[in-house]
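Hey, can you work out the whole structure from these sequences and the hints?
Protein chains in written order, with the numbering used here: chain A, 77 to 497; chain B, 2 to 309.
Certain hints may be false.
As the list claims (entries may be wrong) - Derived DEER-like restraints, expressed as beta-carbon distance ranges: (1) T417(A) - R239(B): 54 to 62 Å; (2) G263(A) - S100(B): 34 to 42 Å; (3) E421(A) - T16(B): 50 to 58 Å; (4) E387(A) - S100(B): 20 to 28 Å; (5) R59(B) - E209(A): 45 to 53 Å; (6) G477(A) - R45(B): 37 to 45 Å; (7) H122(B) - K478(A): 16 to 24 Å.
Stated by the list, open to error - Computed list of chain B residues with no C-beta within reach of chain A, every gap over 10 Å: (8) S100; (9) T134; (10) A151; (11) L173; (12) K212; (13) E240; (14) V271; (15) I285.
Hints listed in this document are in silico derivations from the structure and should not be mistaken for laboratory results.
Backbone N, C-alpha and C fix where the C-beta goes; we use that ideal spot for every residue, glycine too.
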Amino acid sequence: MILLKQVKIIDPNSPHNGKVVDVLIQRGKIVKISKRITNKKAESWKLDNAYLSPGFMDIGTQVGDPGFEHKEDLSSATAAAAAGGFTAIACTPNTHPVVDAKAEVLYIRNYAQDSLVDLYPIGAVSKDCKGKEITEIYDMQKAGAVAFSDGHHSIDNSGLMMRSLLYVKPFNGVIINQPLDPDTSHGGEMHEGAVSTSLGMKGIPALAEELMLQRDLYLLEYTNSRLHVANVSCSNSVHLIRQAKKNGLQVTASVNPMNFIFDDTALTGFDTHLKVMPPLREKEDIKALKKGLKDGTIDSICSNHTPEDEEGKKLEFVYAKPGVIALETTLATCRTYLEKTLTIEELVIKLAIAPRQLLGLDMPVIAEGNEANLCLFNPDKEWILCEKDLHSKSRNTPFMGKQLKGKVLATFNNGKASKQF
Amino acid sequence: MQLSTKHLLGIKYITREDIQLILDTATQFKEVINRPIKKVPSLRDVTVANLFFENSTRTRISFELAEKRLSADTVNFSASSSSVKKGETLLDTVNNILSMKVDMVVMRHPAPGAHVFLSHHIDANIINAGDGTHEHPTQALLDAYSMREAVGDLEGKNIAIFGDILHSRVALSNIFCLRKLGANVRVCGPPTLIPRHIESLGVSVSYDVKKTLQWCDVANVLRIQLERQDVKYFPSLREYTQHFGINKHLLDSLKKDIVIMHPGPINRGVELTSDVADSKQSIILQQVENGVAVRMAVLYLLAEQRQV
Numbered sequence: 077m078i079l080l081k082q083v084k085i086i087d088p089n090s091p092h093n094g095k096v097v098d099v100l101i102q103r104g105k106i107v108k109i110s111k112r113i114t115n116k117k118a119e120s121w122k123l124d125n126a127y128l129s130p131g132f133m134d135i136g137t138q139v140g141d142p143g144f145e146h147k148e149d150l151s152s153a154t155a156a157a158a159a160g161g162f163t164a165i166a167c168t169p170n171t172h173p174v175v176d177a178k179a180e181v182l183y184i185r186n187y188a189q190d191s192l193v194d195l196y197p198i199g200a201v202s203k204d205c206k207g208k209e210i211t212e213i214y215d216m217q218k219a220g221a222v223a224f225s226d227g228h229h230s231i232d233n234s235g236l237m238m239r240s241l242l243y244v245k246p247f248n249g250v251i252i253n254q255p256l257d258p259d260t261s262h263g264g265e266m267h268e269g270a271v272s273t274s275l276g277m278k279g280i281p282a283l284a285e286e287l288m289l290q291r292d293l294y295l296l297e298y299t300n301s302r303l304h305v306a307n308v309s310c311s312n313s314v315h316l317i318r319q320a321k322k323n324g325l326q327v328t329a330s331v332n333p334m335n336f337i338f339d340d341t342a343l344t345g346f347d348t349h350l351k352v353m354p355p356l357r358e359k360e361d362i363k364a365l366k367k368g369l370k371d372g373t374i375d376s377i378c379s380n381h382t383p384e385d386e387e388g389k390k391l392e393f394v395y396a397k398p399g400v401i402a403l404e405t406t407l408a409t410c411r412t413y414l415e416k417t418l419t420i421e422e423l424v425i426k427l428a429i430a431p432r433q434l435l436g437l438d439m440p441v442i443a444e445g446n447e448a449n450l451c452l453f454n455p456d457k458e459w460i461l462c463e464k465d466l467h468s469k470s471r472n473t474p475f476m477g478k479q480l481k482g483k484v485l486a487t488f489n490n491g492k493a494s495k496q497f
Numbered sequence: 002m003q004l005s006t007k008h009l010l011g012i013k014y015i016t017r018e019d020i021q022l023i024l025d026t027a028t029q030f031k032e033v034i035n036r037p038i039k040k041v042p043s044l045r046d047v048t049v050a051n052l053f054f055e056n057s058t059r060t061r062i063s064f065e066l067a068e069k070r071l072s073a074d075t076v077n078f079s080a081s082s083s084s085v086k087k088g089e090t091l092l093d094t095v096n097n098i099l100s101m102k103v104d105m106v107v108m109r110h111p112a113p114g115a116h117v118f119l120s121h122h123i124d125a126n127i128i129n130a131g132d133g134t135h136e137h138p139t140q141a142l143l144d145a146y147s148m149r150e151a152v153g154d155l156e157g158k159n160i161a162i163f164g165d166i167l168h169s170r171v172a173l174s175n176i177f178c179l180r181k182l183g184a185n186v187r188v189c190g191p192p193t194l195i196p197r198h199i200e201s202l203g204v205s206v207s208y209d210v211k212k213t214l215q216w217c218d219v220a221n222v223l224r225i226q227l228e229r230q231d232v233k234y235f236p237s238l239r240e241y242t243q244h245f246g247i248n249k250h251l252l253d254s255l256k257k258d259i260v261i262m263h264p265g266p267i268n269r270g271v272e273l274t275s276d277v278a279d280s281k282q283s284i285i286l287q288q289v290e291n292g293v294a295v296r297m298a299v300l301y302l303l304a305e306q307r308q309v
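Here it is in structure tokens:
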């Protein structure tokens, strides 16, 4: 039994939203919410500036398991998620073997049974994520896959993209695509612009993202299906999505912190911890992404958690693998770099509400009698990221040793609690 | 006078004063290598490792001669005979060599920024002898030196760079160097071989060879690097030569005599015809000679940084 003293509720679906209350949690349930609760049997937590929201959900986590357990496995990924306030993650199919059939979906679902963190597999659209043959999508959906995507492989084949959008319609499914045209971005390692020119590096033009996104939106209109655009990075993409929403298309979008924190000028020192996909764009793009977050064009914020070991990162820039780990730092980086863009409630919507909404999952609501699916955090606490804060097996983060603002204090779900203070 | 840096990672990372110091020092070494006894003892306590992870003939020989004429001890390493093929990382390879007490590293490597990466992890002085499509600073310095010899102070001079700008570290280092020395730079080639954002480096772009030749005082003609092209950027060498090649007829039609340069190796009959490459206007062989003097200057000035 845990008694949370004087926490501010941030949950737009809760009758207590915006109020400072005591919350009593017993056997995984919220048993009482009241101005003052006294219960001598309960372990009482009285924490400074504590906020309570529904647990966050991440769409597109790389869990590395099966196949890349030296970088991450389900145990370390869920521990990292819980430490970062996430009570649910939807994992990309880019494992080895790829999640392209019922058996792989069930492998992840089985692990989830004992976990604080709900694990939702995203099934592959094509066999081996190779972009050719469509997978057994109905079978995977029945086994528990919540969406379909080739993960960090963009779906290049227009026919396949069209057929998958059509195929998921009977169950109102969502196709997730991270748009990047492979031909115009061929060989690129970073954003194409003045910086890549000066570094002599082949660029990935913003055009490569826009071209495929434009195509996806045409196909979406044609099929009248549902599309989620993962990891938007360019200003013009935000514009295209805004327009598509205006036209009534069922499209949602996400952005990850790296793309609204850093621009390509950060790469002049060839720091491989800043090598990410989609690449760091320009200042104008960051501005547009923030505007898109504010006006709702971009529905959610995802971590784009991509564990890589030292062997993949301590290398010449062009040989290094892209990606950063981010589950543990997403709340903090959002608070640090979006403080002037999003209110705390808006941030909770991007992190906890919108991801579940767009996948059509059950929404946890902070109310008496409901399951305790919660994130307790201090949005203003300043702290320095160090080794002990990381539960991921990998260490590829540019924020190590950096001061951040906003810290997760605890996470509750499935009758379990993870404490970070 | 001293350099502002302990490495030569690229022209981007050094100042105009550094460039001038190197060029002035090179003048003294040029005098040395034209003496009957071409050797000075300046670097006799210094060991230099020449690490070539990419093929090179002239740059490697030029560095080796520069080192020998400064009396340095040298060791050579090339990727084909190395442990790179066994999967060793760059950092491990270099650290192994440095454990044998090497003071300076001259390195050529296919990855842009490899030297910057290395400089974060090792103590020895590093000289970039070419990193992929990024920089080739000693080439830019010897080019600037040769231009200065041919046309005097480069401030306000018009320098044109012809050919494959997209895949060329020579172009990039030349641009940085010439802009720092106050020259006007124009690049000229087929649009598919010119980086989209090249103007952000302070250069102008032209697709017209004749007009650009007419504009410039010096034409630095680059090699068409077919080996770096993973897709076809132009349909055939024949068409390239017809539209972007420089021949005697074209030069003679200009109203002035311009200086012709080429970093080598020349594809004769592709970017330059033989009668241009071997003409009086060409200073291609002087560039090679100056290369040794300029590299001696770089080695000497960086070695000086070590002792302080």
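Each hint, compared with the structure:
no.: 1; hint: T417(A) - R239(B): 54 to 62 Å; verdict: holds (56 Å)
no.: 2; hint: G263(A) - S100(B): 34 to 42 Å; verdict: holds (35 Å)
no.: 3; hint: E421(A) - T16(B): 50 to 58 Å; verdict: holds (51 Å)
no.: 4; hint: E387(A) - S100(B): 20 to 28 Å; verdict: holds (21 Å)
no.: 5; hint: R59(B) - E209(A): 45 to 53 Å; verdict: holds (51 Å)
no.: 6; hint: G477(A) - R45(B): 37 to 45 Å; verdict: holds (43 Å)
no.: 7; hint: H122(B) - K478(A): 16 to 24 Å; verdict: holds (21 Å)
no.: 8; hint: S100; verdict: holds (18 Å)
no.: 9; hint: T134; verdict: violated (4 Å)
no.: 10; hint: A151; verdict: holds (27 Å)
no.: 11; hint: L173; verdict: violated (5 Å)
no.: 12; hint: K212; verdict: holds (23 Å)
no.: 13; hint: E240; verdict: holds (22 Å)
no.: 14; hint: V271; verdict: holds (23 Å)
no.: 15; hint: I285; verdict: holds (24 Å)
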